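What follows is each chain in one-letter form.
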Amino acid sequence: DGGITQSPKYLFRKEGQNVTLSCEQNLNHDAMYWYRQDPGQGLRLIYYSQIVNDFQKGDIAEGYSVSREKKESFPLTVTSAQKNPTAFYLCASSMMGGSSTGELFFGEGSRLTVL
Amino acid sequence: SQKIEQNSEALNIQEGKTATLTCNYTNYSPAYLQWYRQDPGRGPVFLLLIRENEKEKRKERLKVTFDTTLKQSLFHITASQPADSATYLCAPGGSYIPTFGRGTSLIVHP
Chain A
1 DGGITQSPKY LFRKEGQNVT LSCEQNLNHD AMYWYRQDPG QGLRLIYYSQ IVNDFQKGDI
61 AEGYSVSREK KESFPLTVTS AQKNPTAFYL CASSMMGGSS TGELFFGEGS RLTVL
Chain G
1 SQKIEQNSEA LNIQEGKTAT LTCNYTNYSP AYLQWYRQDP GRGPVFLLLI RENEKEKRKE
61 RLKVTFDTTL KQSLFHITAS QPADSATYLC APGGSYIPTF GRGTSLIVHP
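One line per chain: the protein sequences are A and G, in this order. Here the first sequence is numbered in my numbering, starting from 1 and rising by one per residue. Here the second sequence is numbered in my numbering, starting from 1 and rising by one per residue.
Please keep in mind that the hints were generated in silico from the structure rather than gathered at the bench. All of these numbers come straight from a predicted model, not from anything done at the bench. Heads up, the beta-carbon is just placed ideally off N, CA and C, and yes, glycines get one too. A portion of the hints provided could be inaccurate.
As the list claims (entries may be wrong) - Partial pick of chain A residues on the chain G-facing surface, computed with a CB cut under 10 Å:
hint : residue
1    : Y35
2    : A61
3    : T113
To be verified - Each computed SDA-like pair below joins lysine to any residue, with the alpha-carbon atoms no more than 25 Å apart:
hint : chain 1 : residue 1 : chain 2 : residue 2
4    : G       : K3        : A       : E24
5    : G       : K71       : A       : R44
6    : A       : K57       : G       : T99
7    : G       : K63       : G       : T20
8    : G       : K63       : A       : K83
9    : G       : K71       : G       : E15
10   : G       : K71       : G       : Q2
11   : G       : K3        : A       : S22
12   : A       : K57       : G       : I107
13   : G       : K3        : A       : A61
14   : A       : K57       : G       : A86
15   : G       : K57       : A       : M96
16   : G       : K57       : A       : M95
17   : G       : K55       : G       : H109
18   : A       : K9        : G       : K55
19   : G       : K17       : G       : K3
20   : A       : K83       : A       : N28
21   : A       : K9        : G       : K17
22   : A       : K71       : G       : I97
23   : A       : K9        : G       : F46
24   : G       : K71       : G       : N24
25   : G       : K57       : G       : E15
26   : A       : K83       : G       : T99
27   : G       : K63       : G       : I107
28   : G       : K3        : G       : K55
29   : G       : K17       : G       : Q2
30   : A       : K70       : A       : P8
31   : G       : K3        : A       : Q41
32   : G       : K71       : A       : L11
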């Protein structure tokens with residue numbers, strides 16, 4: 001089945017540790033995105049990538065890093081510089097160009113808790 | 001700055017009634033608007049898209065309108081059911097990187 005997979009679903013981290021959230025898609029989508037969601041809040045864009053080996057900062061990129069070495073994969077690292085990392089993280093992908101309307105396909109999310 | 005605004009208050013309605021959710025946008029000229037549903041602890045799921053040249057779009061019990069003059073989209077669920085309870089999000093489409101408002105929480109009471 002085609003889809004987008006995030007792992008782990010739940011993650012606990014001690015302060016000062018970096019953690020990496022995985023996002024893999026087999027939809028052959030060009031674009032991939034990372035969003036953060038806090039309780040009762042909307043989705044805020046962290047980073048996005050429209051092509052392999054290229055990515056752009058979103059609205060809240062500070063304290064995060066990404067890579068896009070393969071079309072299928074867009075991992076997010078939450079660094080120790082992120083002051084308030086406890087949140088629900090969502091990865092998404094979409095087609096681009098042509099007749100595409102760019103609808104997003106989301107993963108099931110990763111919930112990060114800092115102890 | 002560009003902004004998406006949706007009803008910040010939860011919408012409570014009785015089963016069988018029509019739910020109407022609002023999405024207003026500022027400083028966008030989207031070629032289309034997308035609507036998503038999000039259940040607690042899950043990723044959003046795409047529902048419907050309406051283009052700027054379409055006044056109305058329907059899919060089963062869902063209806064979306066798009067008024068480019070008012071810069072507003074309305075999302076209707078007719079004959080609502082408790083299973084429709086969720087948060088609904090809108091996002092502008094076209095040449096924009098997808099951004100979302102807070103969404104509107106809909107609660108349908110039996």
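Results of checking the hints against the structure:
About 8 Å separates the beta-carbon of Y35 (chain A) from the nearest beta-carbon of chain G, less than 10 Å, and the hint is met. Contact between A61 (chain A) and chain G, as hinted, is not supported at the beta carbon level, the nearest pair being about 13 Å apart and thus beyond 10 Å. For T113 (chain A), the interface hint is violated, the least distance from its beta-carbon to any beta-carbon of chain G being 13 Å, above 10 Å. Between K3 (chain G) and E24 (chain A) the alpha-carbon distance is near 30 Å, which puts this suggested pair outside the 25 Å criterion.
For the hint pairing K71 (chain G) with R44 (chain A), the CA-to-CA distance comes to about 21 Å; that is within 25 Å, so the pair holds. Of the pairs offered as hints, the one joining K57 (chain A) and T99 (chain G) holds, with about 13 Å between alpha carbons and a cut-off of 25 Å not exceeded. For the hint pairing K63 (chain G) with T20 (chain G), the CA-to-CA distance comes to about 9 Å; that is within 25 Å, so the pair holds. Pair hint K63 (chain G) plus K83 (chain A) does not hold up; C-alpha atoms about 42 Å apart against a cutoff of 25 Å.
Note on K71 (chain G) and E15 (chain G): the hinted pairing is violated, with a Cα-Cα distance of about 30 Å set against a maximum of 25 Å. As the CA atoms of K71 (chain G) and Q2 (chain G) are separated by approximately 12 Å, the hinted pair is consistent with the 25 Å bound. With a C-alpha separation of about 29 Å, the suggested pair K3 (chain G) and S22 (chain A) falls outside the 25 Å cut-off, and the hint is violated. About 35 Å separates the Cα atoms of K57 (chain A) and I107 (chain G), which puts this hinted pair outside 25 Å; it is violated.
Between K3 (chain G) and A61 (chain A) the CA atoms are separated by roughly 18 Å; this keeps the pair inside 25 Å, and the hint holds. A C-alpha spacing of about 30 Å is found between K57 (chain A) and A86 (chain G), which places the hinted pair above 25 Å, so the restraint is violated. Pair hint K57 (chain G) plus M96 (chain A) holds up; C-alpha atoms about 23 Å apart against a cutoff of 25 Å. Of the supplied pair hints, the one linking K57 (chain G) and M95 (chain A) holds, its CA atoms being roughly 22 Å apart against a limit of 25 Å.
Annotation: proposed proximity of K55 (chain G) to H109 (chain G) is violated, straight-line Cα distance about 30 Å (limit 25 Å). As the CA atoms of K9 (chain A) and K55 (chain G) are separated by approximately 40 Å, the hinted pair breaks the 25 Å bound. For the suggested pair K17 (chain G) and K3 (chain G), the alpha carbons sit about 30 Å apart, so the restraint of at most 25 Å is broken. Note on K83 (chain A) and N28 (chain A): the hinted pairing is violated, with a Cα-Cα distance of about 34 Å set against a maximum of 25 Å.
Note on K9 (chain A) and K17 (chain G): the hinted pairing is violated, with a Cα-Cα distance of about 36 Å set against a maximum of 25 Å. Straight-line distance between C-alpha atoms of K71 (chain A) and I97 (chain G) comes to about 18 Å, which keeps the hinted pair within the 25 Å bound. Proximity of K9 (chain A) to F46 (chain G) is assessed by CA-CA distance (about 21 Å); at most 25 Å being required, the pair is judged to hold. Of the pairs offered as hints, the one joining K71 (chain G) and N24 (chain G) holds, with about 6 Å between alpha carbons and a cut-off of 25 Å not exceeded.
Of the supplied pair hints, the one linking K57 (chain G) and E15 (chain G) holds, its CA atoms being roughly 23 Å apart against a limit of 25 Å. Between K83 (chain A) and T99 (chain G), the direct Cα distance comes to roughly 23 Å. Compliance with the 25 Å bound is thereby established for this hinted pair. As the CA atoms of K63 (chain G) and I107 (chain G) are separated by approximately 18 Å, the hinted pair is consistent with the 25 Å bound. A distance of roughly 22 Å separates the Cα atoms of K3 (chain G) and K55 (chain G); the hinted pair therefore holds under the 25 Å criterion.
At roughly 33 Å between alpha-carbon atoms, K17 (chain G) and Q2 (chain G) are farther apart than 25 Å, so this suggested pair is violated. The straight-line distance between the Cα atoms of K70 (chain A) and P8 (chain A) is roughly 20 Å, inside the 25 Å bound, and the hint therefore holds. For the suggested pair K3 (chain G) and Q41 (chain A), the alpha carbons sit about 14 Å apart, so the restraint of at most 25 Å is met. Under the criterion of a C-alpha separation no larger than 25 Å, the hint pairing K71 (chain G) with L11 (chain A) is inconsistent with the structure, at around 40 Å.
Violated hints, listed in ascending order, are 2, 3, 4, 8, 9, 11, 12, 14, 17, 18, 19, 20, 21, 29, 32; each of the other numbered hints is respected by the structure.
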